[in-house]
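Asker: Residues per chain are reported as follows:
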Amino acid sequence: MKAINSTALMVFTAAVVAGAIAVGCASAPLRTEGSTSGIRAAEEAGAAKVPQASLHLQLAKEELELAKGLAARGEKEQAASMLSRAEADAELAVTLSRGDAEKSEAQAAVERARQLRQDNP
Amino acid sequence: MKTIQFLIIVTFIALVAGCAAKAPNELVSARSAYKQASEGPAAQLVPAEVHKAHEALVVAEQSFQKQPASYKTKDLAYVAQRKAELAIALGAMAADKASKDEANAEFQKKQTELLKQGKQDLSDSEKRTAEALAAAAADKASKEQADAELQKQQAELAKQGKQDLSDSEKRTAAALAELAKLAAVKEEARGLVITLSGSVLFRSNESKLLSSAKVKLKQVAKALLAVPARNLVVEGHTDSHGTKSYNQGLSQRRADAVRNYLVQRGYPADRIQARGKGEGHPIANNASPEGRANNRRVEIVIERK
Chain U
1 MKAINSTALM VFTAAVVAGA IAVGCASAPL RTEGSTSGIR AAEEAGAAKV PQASLHLQLA
61 KEELELAKGL AARGEKEQAA SMLSRAEADA ELAVTLSRGD AEKSEAQAAV ERARQLRQDN
121 P
Chain X
1 MKTIQFLIIV TFIALVAGCA AKAPNELVSA RSAYKQASEG PAAQLVPAEV HKAHEALVVA
61 EQSFQKQPAS YKTKDLAYVA QRKAELAIAL GAMAADKASK DEANAEFQKK QTELLKQGKQ
121 DLSDSEKRTA EALAAAAADK ASKEQADAEL QKQQAELAKQ GKQDLSDSEK RTAAALAELA
181 KLAAVKEEAR GLVITLSGSV LFRSNESKLL SSAKVKLKQV AKALLAVPAR NLVVEGHTDS
241 HGTKSYNQGL SQRRADAVRN YLVQRGYPAD RIQARGKGEG HPIANNASPE GRANNRRVEI
301 VIERK
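Heads up: the sequence lines are chains U and X, in that order.
In terms of the working numbering, the first sequence opens at residue 1 and continues consecutively.
In terms of the working numbering, the second sequence opens at residue 1 and continues consecutively.
Errors might be hidden in some of the hints.
[Said to hold, decoys possible] Far from chain U, by Cβ distances over 10 angstroms, these chain X residues were calculated:
{"id": "1", "residue": "25"}
{"id": "2", "residue": "120"}
{"id": "3", "residue": "267"}
[Claimed, not checked] Counterexamples of contact, computed for chain U against chain X with all Cβ distances above 10 angstroms:
{"id": "4", "residue": "37"}
{"id": "5", "residue": "49"}
{"id": "6", "residue": "51"}
{"id": "7", "residue": "76"}
[What the hints assert, rightly or not] A few chain X residues that face chain U, going by a derived Cβ cut-off under 7 angstroms, partial list only:
{"id": "8", "residue": "72"}
{"id": "9", "residue": "79"}
{"id": "10", "residue": "106"}
Derived by calculation from the structure, the hints in this document are not laboratory data.
For every residue, glycine included, the Cβ atom is placed at its ideal position computed from N, Cα and C.
Same shape as in the complex, but just chain U:
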């Protein structure tokens, strides 16, 4: 009798704990810091002015919203997976913005050197 009670107690405790965990996971807020900061960084880098970067910035924003929607419907894992897309697009948007600036600077430097050579053969 005592053995059966101990076993039942353990199973119950485990069930309660498992249930608590499940409930806790279900109610944990979606961690969007990665994608939101990435989106902000892309905006500050001027991604809106560079066509290709602007595309990925827009994708990141859309994916963030989709993730929030999924999270609201309880699809946490899918929401987190969608956030990874948003973070990847935001990171690419930042790099493409900086890459465009680097290309412009490189072109200007090459032109300056060429002009100096031409003016002083």
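With chain U fixed as given, assemble chain X onto it according to the hints.
Answerer: Chain X only, in chain U's frame:
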């Protein structure tokens, strides 16, 4: 190397998965993007980023093996594609930065060369300018000295000229005074006229100079030669006794005689002429013997300049 890795992964997947599960579009795109990254300049310029893309692709492929059509596989493949595109973009940035750095280095080097050359040119220019200024100063000094020398010479010439003029005037005056002792000298419109009596120079009706005449003419010649040569005209005149033609001829012969003697004494032949005037220019009345004696004469005209 990266291409081989890619091919191995794809082959493995095809073998293991068989033809049953079709790869989602995201995975196909990820594979293509990784291939581009691993075969492009990013592989050498940003190998760490390419490696990250490779790892992401492997994770996606593994998910595809377990759950071919799941959202997780698609999302992982999407992220793998973005990782590969990120590597490509970072590779392009690295290439641009290298190009920019190289261009800037070339620019700096050229500028340094030009600056160095500019300093040299400036130094050379300054040197040439200094030399030119020195040459100009030397020329100026030389010119000033030449001008001073010229002025000095001109002053000396002017002084000499005045002296010469003064000397010439003296000699002329002396010559006139000497002539005045020898003969009658008179200033007329045609020039200075020296009148020599015919009876002093010639016998009657003759044109040969008397010895005494030569002595006088010798002194006349000396006086005339003491001054710069002037044009002379020797005119022979007669009285009215005899025919005009005879008198014309006699006067011409007498003028020639006096001219020839003066030329012998050194007077320039091209500066002296002889003209016979006959009886046509009397200076006295032919009615009296004294008048006729005065008309029988030779005139030496020193023409005006």
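Asker: Does residue 49(U) sit more than 10 angstroms from chain X, CB to CB?
Answerer: About 16 angstroms separates residue 49(U) from the closest Cβ of chain X, which puts it past 10 angstroms; holds.
Asker: Please settle this one: residue 25(X) was flagged as non-interface, so is its CB more than 10 angstroms from every CB on chain U?
Answerer: holds (14 angstroms)
Asker: May I ask you to check that residue 267(X) keeps its beta-carbon over 10 angstroms from the closest beta-carbon of chain U?
Answerer: holds (84 angstroms)
Asker: Check the non-interface label on residue 51(U): least C-beta distance to chain X beyond 10 angstroms or not.
Answerer: holds (13 angstroms)
Asker: Can we confirm that no CB of chain X comes within 10 angstroms of the CB of residue 76(U)?
Answerer: holds (13 angstroms)
Asker: Is the interface hint satisfied for residue 72(X)? The criterion is a beta-carbon contact with chain U at less than 7 angstroms.
Answerer: Where the cut-off is 7 angstroms and the nearest Cβ of chain U is about 6 angstroms from residue 72(X), the hint holds.
Asker: Would the least Cβ to Cβ distance between residue 120(X) and chain U come out above 10 angstroms?
Answerer: The claim stands: residue 120(X) keeps its Cβ more than 10 angstroms from every Cβ of chain U (closest is about 14 angstroms).
Asker: Hold the hint about residue 106(X) up to the distance rule: shortest CB distance to chain U must be less than 7 angstroms.
Answerer: Holds - the Cβ of residue 106(X) comes within 7 angstroms of chain U, reaching about 5 angstroms at its closest.
Asker: Would you check whether residue 79(X) satisfies its interface hint, that is, whether its CB is within less than 7 angstroms of any CB in chain U?
Answerer: holds (5 angstroms)
Asker: Classify the label on residue 37(U) as holds or violated, using whether its beta-carbon is more than 10 angstroms from each beta-carbon of chain X.
Answerer: holds (17 angstroms)
Checked against the numbered hints given earlier, the structure satisfies every one of them.
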